[in-house]
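Here this note's numbering is used: the first residue of the sequence shown is 136, the next is one more, and so on.
What the hints contain is simulated information worked out from the structure, not anything from laboratory work. C-beta: ideal position from N, C-alpha, C; glycine also. Careful: at least some of the hints might be erroneous.
[Said to hold, decoys possible] Between beta-carbon pairs, the in silico distance windows are:
| # | residue 1 | residue 2 | range |
| --- | --- | --- | --- |
| 1 | Ala236 | Ala186 | 34 to 44 Å |
| 2 | Phe238 | Thr178 | 26 to 36 Å |
| 3 | Ser153 | Gly175 | 12 to 22 Å |
| 4 | Ser198 | Glu173 | 10 to 20 Å |
| 5 | Ala236 | Ser164 | 37 to 47 Å |
| 6 | Asn239 | Ser151 | 36 to 46 Å |
| 7 | Phe207 | Gln233 | 25 to 35 Å |
| 8 | Ser153 | Met221 | 20 to 30 Å |
| 9 | Thr219 | Ala186 | 22 to 32 Å |
| 10 | Gly213 | Ala186 | 41 to 51 Å |
| 11 | Arg202 | Thr155 | 18 to 28 Å |
| 12 | Glu208 | Ala236 | 33 to 43 Å |
| 13 | Leu216 | Gln237 | 31 to 41 Å |
| 14 | Gly162 | Asp225 | 30 to 40 Å |
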Amino acid sequence: MNVQIAEWTLLNDQNSCSITYLCDVSGLSEGEVNELIENGLITPIDDNAMAKIFPMHSIVTVSSARRLRDDFELDSHGMILALTLMQRIDELQSELQQIRAQFN
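Required output: the full structure, derived from the provided sequences and hints.
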């Protein structure tokens with residue numbers, strides 16, 4: 136008999152997590168997560184706070200970054216470029232859906 140335990144987390148803007156938690160759930164190092172911050176891919180809730188706290192939806196971004204790094208054997212620059220392009224595509228698709236909704 137195989138027992139699997141799953142953790143359920145609500146990924147919204149009302150819940151938050153630390154940089155350590157992002158590293159733990161994604162498998163990225165703190166340095167890699169800091170590169171994502173520096174490149175604007177994830178943003179702390181309060182930039183001026185000593186301890187960086189992030190919205191829970193940042194888990195999606197750091198997990199995607201780790202998968203890109205591992206699956207395509209990317210260095211940190213390639214990982215950031217790929218993630219940036221993926222986020223831009225998502226933004227453009229959302230804009231296109233809004234425009235199509237206006238004309239229907």
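Going down the list of hints, with the structure as the test:
1. Hint check: Ala236 to Ala186, Cβ distance near 41 Å, so the stated range 34 to 44 Å holds.
2. Under the hint 26 to 36 Å, the C-beta atoms of Phe238 and Thr178, about 33 Å apart, fit the expected range.
3. Separation of Ser153 from Gly175 is about 19 Å and conforms to the stated range, judged on CB atoms against 12 to 22 Å.
4. At roughly 19 Å, the beta carbons of Ser198 and Glu173 sit within the given window of 10 to 20 Å.
5. In this structure the supplied range 37 to 47 Å holds for Ala236 paired with Ser164, their Cβ-Cβ distance being about 41 Å.
6. At about 37 Å, the CB distance of Asn239 to Ser151 agrees with the hint of 36 to 46 Å.
7. Distance hint check for Phe207 and Gln233: the Cβ-Cβ separation is about 31 Å, which falls inside the suggested range of 25 to 35 Å.
8. Hint check: Ser153 to Met221, Cβ distance near 25 Å, so the stated range 20 to 30 Å holds.
9. Here the CB-CB span from Thr219 to Ala186 is close to 26 Å, well matched to the stated 22 to 32 Å.
10. With their beta carbons about 30 Å apart, Gly213 and Ala186 fall outside the hinted range of 41 to 51 Å.
11. Separated by about 20 Å at the C-beta atoms, Arg202 and Thr155 satisfy the suggested range of 18 to 28 Å.
12. The supplied range of 33 to 43 Å is met by Glu208 and Ala236, whose beta-carbon atoms lie about 39 Å from each other.
13. Take Leu216 and Gln237: their Cβ atoms lie about 32 Å apart, and the range 31 to 41 Å holds.
14. Judged by the Cβ atoms, the range 30 to 40 Å given for Gly162 and Asp225 is violated: they are separated by roughly 22 Å.
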